[in-house]
Amino acid sequence: MPEATARLRPAPSPGSTGHFPASGEELATSRVRVLSVLVEDGQNTLTKIAGAVRRRGFHIRGLSIGPTREPGRSRITLEVDHGHAEADQVRKQLERLVDVVEVEDLTGDEVHNRELVVAKVKTLELARLIQRGAKVISTDTDGTTVEFSGDRDEIFDFVEELARHGIVDVVRSGPLVMRRTV
Amino acid sequence: MILEALEREGVEYIFGYPGGANLPIYQHLHEHPKLKHILVRHEQGAAHMADGYARACGRPGVVFATSGPGALNLVTGLCTAYMDSVPIIAITGQVNSTQVGRDAFQESDVIGATSSVTKHSYLVTKIDQLPRVIHEAFHIATTGRPGPVLIDICKDVQMADAERVTAERLHIPGYKLNGHIDLNHAKQAAEALAGAERPVILAGHGIILSHAEAQLQELAETAATPVGTTLLGIGGFPVKHPLSLHMTGFMGTGWCLKAVQNADVLMMVGMRVDDRVTAKLSEFAPNVKTFIHVDIDGSEMGKNVRPHIELVADAKQALAAMLPHIGTLQADRGRWLSQIDAWREEHPLRYKHSNGQLQPQDVLIDMYRRADSEAIVVADVGQNQIWAALWWNYDRPGLFINSGGAGTMGFALPAAIGAKFGRPELPVWCVAGEGGFVMTAQELSVAVEHQLDVKIVLLNNLSLGMVRQFQDDFYGGVRSQVDLTHMPDFVKLSEAYGMPALRVEKLEDIGLALDAAERTKGPFLIDFRIDPEANVYPIVPLGKGLGEFWEAPENA
Ligand SMILES: Cc1ncc(C[n+]2csc(CCOP(=O)(O)OP(=O)(O)O)c2C)c(N)n1
Numbered sequence: 027m028p029e030a031t032a033r034l035r036p037a038p039s040p041g042s043t044g045h046f047p048a049s050g051e052e053l054a055t056s057r058v059r060v061l062s063v064l065v066e067d068g069q070n071t072l073t074k075i076a077g078a079v080r081r082r083g084f085h086i087r088g089l090s091i092g093p094t095r096e097p098g099r100s101r102i103t104l105e106v107d108h109g110h111a112e113a114d115q116v117r118k119q120l121e122r123l124v125d126v127v128e129v130e131d132l133t134g135d136e137v138h139n140r141e142l143v144v145a146k147v148k149t150l151e152l153a154r155l156i157q158r159g160a161k162v163i164s165t166d167t168d169g170t171t172v173e174f175s176g177d178r179d180e181i182f183d184f185v186e187e188l189a190r191h192g193i194v195d196v197v198r199s200g201p202l203v204m205r206r207t208v
Numbered sequence: 109m110i111l112e113a114l115e116r117e118g119v120e121y122i123f124g125y126p127g128g129a130n131l132p133i134y135q136h137l138h139e140h141p142k143l144k145h146i147l148v149r150h151e152q153g154a155a156h157m158a159d160g161y162a163r164a165c166g167r168p169g170v171v172f173a174t175s176g177p178g179a180l181n182l183v184t185g186l187c188t189a190y191m192d193s194v195p196i197i198a199i200t201g202q203v204n205s206t207q208v209g210r211d212a213f214q215e216s217d218v219i220g221a222t223s224s225v226t227k228h229s230y231l232v233t234k235i236d237q238l239p240r241v242i243h244e245a246f247h248i249a250t251t252g253r254p255g256p257v258l259i260d261i262c263k264d265v266q267m268a269d270a271e272r273v274t275a276e277r278l279h280i281p282g283y284k285l286n287g288h289i290d291l292n293h294a295k296q297a298a299e300a301l302a303g304a305e306r307p308v309i310l311a312g313h314g315i316i317l318s319h320a321e322a323q324l325q326e327l328a329e330t331a332a333t334p335v336g337t338t339l340l341g342i343g344g345f346p347v348k349h350p351l352s353l354h355m356t357g358f359m360g361t362g363w364c365l366k367a368v369q370n371a372d373v374l375m376m377v378g379m380r381v382d383d384r385v386t387a388k389l390s391e392f393a394p395n396v397k398t399f400i401h402v403d404i405d406g407s408e409m410g411k412n413v414r415p416h417i418e419l420v421a422d423a424k425q426a427l428a429a430m431l432p433h434i435g436t437l438q439a440d441r442g443r444w445l446s447q448i449d450a451w452r453e454e455h456p457l458r459y460k461h462s463n464g465q466l467q468p469q470d471v472l473i474d475m476y477r478r479a480d481s482e483a484i485v486v487a488d489v490g491q492n493q494i495w496a497a498l499w500w501n502y503d504r505p506g507l508f509i510n511s512g513g514a515g516t517m518g519f520a521l522p523a524a525i526g527a528k529f530g531r532p533e534l535p536v537w538c539v540a541g542e543g544g545f546v547m548t549a550q551e552l553s554v555a556v557e558h559q560l561d562v563k564i565v566l567l568n569n570l571s572l573g574m575v576r577q578f579q580d581d582f583y584g585g586v587r588s589q590v591d592l593t594h595m596p597d598f599v600k601l602s603e604a605y606g607m608p609a610l611r612v613e614k615l616e617d618i619g620l621a622l623d624a625a626e627r628t629k630g631p632f633l634i635d636f637r638i639d640p641e642a643n644v645y646p647i648v649p650l651g652k653g654l655g656e657f658w659e660a661p662e663n664a
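Chains as they are written, first to last, in the numbering used here: chain V, 27 to 208; chain G, 109 to 664.
Calculated directly from the structure, the hints in this document are not laboratory data.
Mixed in with the good hints there might be a few duds.
[As the list claims (entries may be wrong)] Not the full set, but computed from the structure, chain G residues with beta-carbon under 10 Å of chain V: (1) Glu215; (2) Ile219; (3) Ser223; (4) Tyr230; (5) Thr250; (6) Arg277; (7) Pro281; (8) Gly282; (9) Val347; (10) Lys348; (11) Leu351; (12) Glu408; (13) Met409.
[What the hints assert, rightly or not] Not close to chain G: a few residues of chain V, all C-beta gaps over 12 Å, as computed: (14) Thr73; (15) Leu142; (16) Asp183.
[Stated by the list, open to error] The following label-pair restraints were derived from C-beta to C-beta distances: (17) V:Gly159 to G:His433: 33 to 43 Å; (18) V:Arg154 to G:Pro281: 47 to 57 Å; (19) G:Leu285 to V:Val144: 38 to 48 Å; (20) G:Pro281 to V:Arg190: 47 to 57 Å.
Yeah, the Cβ is synthetic: ideal placement off N, Cα and C, and Gly gets one too.
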């Protein structure tokens with residue numbers, strides 16, 4: 027499953043520890059900022075954020091959205107490649123948007139960085155997956171569905187492991203990042 | 109309800125065009141005699157008129173357009189205003205909220221199409237949102253770094269009944285105004301300027317938008333520091349002031365470019381430091397040890413040039429905060445200022461006028477002699493724009509209007525019309541090339557209908573002059589698709605629109621034609637047949653550093 031693994035490769039991040047980015051070349055071009063963005067939950071909010079990112083030549087590498095405790099507000103976690111611009115431009119450009127209430131740049135900070143993977147694999151020998159912390163959600167005739175959450179490196183390793191079991195389908199939630207000390 | 113809200117915001121003029129999706133608004137227009145609606149001939153004209161109006165008088169310009177093609181015709185005008193930070197409120201009609209997404213007749217995703225050229229935008233699908241949205245829109249358009257705001261209102265909302273509501277108090281948590289000045293940085297900036305040997309200040313549109321011209325002049329004088337302006341900063345510092353470097357950038361004056369390239373401290377105020385200002389970035393101001401950047405928009409810091417000292421603040425407040433810290437200057441400025449004077453002598457603005465042809469500068473010099481500082485010049489884009497920028501001594505803000513950031517051909521005529529509505533007491537001259545002029549020439553009807561004293565000066569070189577010059581100078585002399593010999597007879601065209609016009613081909617006729625224009629009430633056009641080979645100088649070749657500017661050949 028080389029194709030699947032290539033697609034699943036996590037975005038390079040200067041903030042993360044461990045063995046990623048994998049190659050020296052990726053290290054040199056790793057320009058990804060991790061941002062936590064509090065937004066007004068409007069019809070156009072996501073388009074505007076995506077538009078501002080695209081317009082500046084940046085590139086979204088990871089994205090997740092969820093509601094907050096405040097009604098009408100959502101939190102977006104973004105991993106953005108800032109291209110040739112200064113690293114801080116991503117935060118500044120997002121702050122210009124009226125729908126954006128607050129932007130925190132968490133790149134390089136002490137964070138909890140979690141992602142959820144749901145995968146269906148052909149094998150029934152699940153010991154190695156369960157050993158890594160995967161939970162079985164269901165077992166069908168065409169395979170077993172497991173869920174797994176972990177930090178960037180754990181997800182990367184887990185997905186590699188999945189490939190050995192024959193992936194039928196896999197989805198990932200995108201990054202969720204929270205500062206360790208609030 | 110929309111119209112009431114506009115009245116409440118103090119709107120005087122609306123530049124607009126009706127259509128299916130905004131008819132409910134038009135139905136009630138006559139009930140609001142305080143709102144004067146100007147029927148344009150193309151929606152792009154409406155956006156530029158609102159823009160010219162706003163730039164001339166400082167109040168936001170208001171635009172109406174219908175859905176689909178009507179709204180999309182605004183895009184270029186919104187972009188023009190957005191790039192130059194001009195406050196506009198565009199109110200577009202949208203299909204019924206129940207029709208949205210069904211590809212209804214004249215439905216288009218206006219918010220999507222305009223997001224990247226507006227400061228903010230709203231889609232209004234419910235009547236109770238409307239008062240808040242309109243009030244917010246005016247606030248956002250006019251405060252901080254100004255810019256266009258679009259309100260897309262569904263047709264059923266326009267028709268909905270609502271009790272009279274007054275706008276509630278503003279509460280926009282995501283709208284950040286950089287009002288807070290870091291006084292420490294202001295002090296550092298002042299000390300850097302005072303401690304410099306060869307300081308230069310460059311001033312952009314921000315000076316004008318924040319009304320900081322008095323503070324700028326005081327700072328320049330206190331710190332004995334010369335000031336150049338960007339194309340949009342023109343008027344922010346009097347050209348005839350002894351410390352003036354006139355215009356900077358890749359078509360700036362030789363003495364300004366010399367000063368920038370030799371400066372040791374460069375303070376940039378209210379400007380974006382774009383490629384037209386820096387030319388080749390790696391060679392921009394190579395001797396500067398301390399860059400100071402003042403701008404109200406924090407994202408400008410380091411976007412193109414990384415400053416050593418940054419002040420994210422309104423220009424007026426920032427300059428005022430610096431002033432008390434200038435103190436005594438460390439270095440004697442005599443040498444630096446006399447060096448600049450020497451450059452001014454060595455690299456004056458000049459033009460060739462020995463071939464018997466009418467030169468654009470001849471026209472502008474005569475116009476300036478008459479108008480002095482009591483006229484607004486609205487330029488189009490191209491050579492005409494740079495000539496109008498350089499060959500006139502603007503001494504205060506609001507007298508020179510042009511599309512800088514977007515460089516939108518066709519801007520001048522509608523913007524001049526808007527400017528005249530905004531400042532009826534001042535003569536308004538529209539200076540344009542024939543190429544840009546025909547892009548929005550249909551708005552002549554508006555000038556005639558309202559008998560506006562807008563005098564149009566065509567600098568007609570029978571070609572897309574600026575492009576022709578670039579091709580001659582930087583693209584191997586291959587002239588490609590720049591010939592404009594097939595154009596209407598502009599005198600007859602004007603007459604067809606119902607306004608008088610003259611053609612001038614000889615130097616000695618300039619005065620007579622300008623006399624006639626000044627004498628005539630209402631619009632007037634002069635088709636000046638200028639030297640088709642006339643070029644803009646100085647100019648920095650594409651891809652080169654500012655120091656490598658070319659100058660006009662000396663008179664033979
Ligand atoms: C809408 C638009 N299209 C194209 C251009 C590119 N452009 C810049 S200057 C210029 C030539 C302008 O010719 P003209 O209006 O005759 O003015 P001149 O330069 O001769 O004074 C062109 C085509 C532009 N700026 N705007």
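Do the hints match the structure? See the list:
Checking glutamate 215 (chain G) against chain V by beta carbon gives a least distance of about 15 Å; that is not within 10 Å, so the hint is violated. Interface hint status for isoleucine 219 (chain G): upheld, as the beta-carbon distance to the closest one in chain V is roughly 5 Å, under 10 Å. Taking 10 Å as the C-beta contact cut-off toward chain V, the hint placing serine 223 (chain G) at the interface holds, the least distance being around 5 Å. Checking tyrosine 230 (chain G) against chain V by beta carbon gives a least distance of about 8 Å; that is within 10 Å, so the hint holds.
The beta carbon of threonine 250 (chain G) comes no nearer than 14 Å to any beta carbon in chain V, farther than 10 Å, and the hint placing it at the interface is violated. Against a cut-off of 10 Å between C-beta atoms, the interface hint on arginine 277 (chain G) is violated, since the closest Cβ of chain V lies about 17 Å away. The beta carbon of proline 281 (chain G) is positioned within 10 Å of a beta carbon in chain V (closest approach about 5 Å), and the interface hint is therefore held. Interface hint status for glycine 282 (chain G): upheld, as the beta-carbon distance to the closest one in chain V is roughly 5 Å, under 10 Å.
For the restraint placing valine 347 (chain G) at the interface with chain V, the shortest Cβ-Cβ distance is roughly 33 Å, beyond the 10 Å limit, so the hint is violated. Because the beta carbon of lysine 348 (chain G) sits about 37 Å from the nearest beta carbon in chain V, more than 10 Å, this interface hint is broken. Using the Cβ-Cβ criterion of 10 Å, the hint placing leucine 351 (chain G) at the interface with chain V is not satisfied: the shortest such distance is roughly 32 Å. The interface hint given for glutamate 408 (chain G) is met, as the beta carbon of that residue sits about 9 Å from the closest beta carbon of chain V, less than 10 Å.
Interface hint status for methionine 409 (chain G): upheld, as the beta-carbon distance to the closest one in chain V is roughly 8 Å, under 10 Å. Remark: the non-interface label on threonine 73 (chain V) conflicts with the geometry, its nearest Cβ contact in chain G lying 6 Å away (cut-off 12 Å). Non-interface call for leucine 142 (chain V) relative to chain G: holds, since the shortest CB-CB distance, roughly 29 Å, exceeds 12 Å. With a closest Cβ-Cβ approach of about 37 Å to chain G, aspartate 183 (chain V) is found to remain outside the 12 Å limit, as its non-interface label requires.
The hinted window of 33 to 43 Å between glycine 159 (chain V) and histidine 433 (chain G) is violated, with their beta carbons roughly 60 Å apart. The given range of 47 to 57 Å is respected by arginine 154 (chain V) and proline 281 (chain G), whose C-beta atoms sit roughly 48 Å from each other. Between leucine 285 (chain G) and valine 144 (chain V) the Cβ separation comes to about 44 Å, which falls inside the hinted range of 38 to 48 Å. Taken as a hint, the range 47 to 57 Å holds for the pair proline 281 (chain G) and arginine 190 (chain V), whose Cβ atoms sit roughly 49 Å apart.
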